[in-house]
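Following the hints, complete the assembly by docking chain H onto the known chain A.
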Amino acid sequence: MDINQLKSTWKGMDEKVSITTDLKQLLRENKHPVLKGIRLQMTIEILAWTIFLVLYYDGLDGHQKPLYANLLLVGAALFVLGHSLAGYFSAKNLVRAADLKQSLVRYLGVLKKYAFLSIASRVCVAICLLLFFITTIQFTTTKYILLAGIVSIFPIQAYLLSRIWKKRIEKIKLTLQGLSD
Amino acid sequence: MSEQQFLSLVKQHQGIVHKICRLYRDSVQDREDLFQEIMFQLWQSFPAFEGRSTISSWMYRIALITALASFRKKSPAISFPERLPEIAAETPDDTEHQQRQQLLFALKQLDDVEKAIMALYLEDMSYAAIAAIIGISENYVGVKINRAKIKIQNSLNK
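Going line by line, the protein sequences match chains A and H.
Going by the numbering used here, the first residue of the first sequence is number 3, and it counts up by one from there.
Going by the numbering used here, the first residue of the second sequence is number 34, and it counts up by one from there.
For reference, chain A alone in the conformation it holds in the complex (with noise of 0.2 Å):
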């Protein structure tokens, strides 16, 4: 094929994606598979930690728990839901500048800053919740290892989820890289 017949191929190319879902509708946020999925996440996130909060004051004698650990507890609740919030934001918006590279490389910027967020939230809420769990015990030596049991496990996960981000971040890395003349 020449350049020609390759120009009226593509532009006679009229094989629709099918979708089920009415034109109007896909206009809706509510409707948008990304932000859908986050706002499942983050509602189960809620409710699981509205939960523990209610209960962890006389179920799990919050009451009887120094005032910082209850603290950092609350906290790092609050910044499990806030990176939820930041993400849904930051999926909300992918077109943030007037061409495709500039868009991309302020897209990066937001995806190594959400990348951070999301990390640290989890081993910040990792490292609150044990905190909260250890500040009364009084330690044996089976204690010691089942802490040390579980705080291994920490690197493990927060590795796991740097390498989905790292995937992420090359991914558009290198589409950037595409882009450099």
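Calculated from the structure, these hints are not laboratory results.
Listed next, the in silico PhoX-like pairs over lysine-lysine satisfying Cα-Cα at most 20 Å (straight line):
no., chain 1, residue 1, chain 2, residue 2
1, A, K38, A, K26
2, A, K33, A, K94
3, A, K13, H, K141
4, A, K9, H, K148
5, H, K141, H, K184
6, A, K173, H, K141
7, A, K13, H, K182
Coverage of chain H stretches by chain A, computed from C-beta distances (three or more under 8 Å per stretch; other residues unrestricted):
no., segment
8, 136-145
9, 162-174
These numbers come from a predicted model, not from an experiment.
By construction, the Cβ of each residue, glycine as well, lies at the ideal position given by its N, Cα and C atoms.
Showing chain H alone in chain A's frame:
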């Protein structure tokens, strides 16, 4: 401009969105997700559209940014339809359809940036218009197009 006016404008040019979805996504589910995402981003960006460029250039710009910035789902969705598709409907024996499939296959061998530039070039846009949408110099557009053309010809000749 009202939602109704936006929809009628987009409906006239929605072939652009379908083409970008086919070019950048392989599975039916991924294409549908990208289509939804592009429509949403077009609507979000519409108030900033001042009419300095054509509606098709603007739609290409938003569609390409969305395709390159959004992420695919981790695993491909597997569907089990109750009936098998008609074989004749899937593989029509007409030359135009085959040419479209060949071109799509050749374009899919390119990297994401080359795909974007070639989509605009095949739409008959000038180097200046492509440079403005992508954000690179006209010279570099030329370099990229020449490289992509060679890759496409190699794929088509295989």
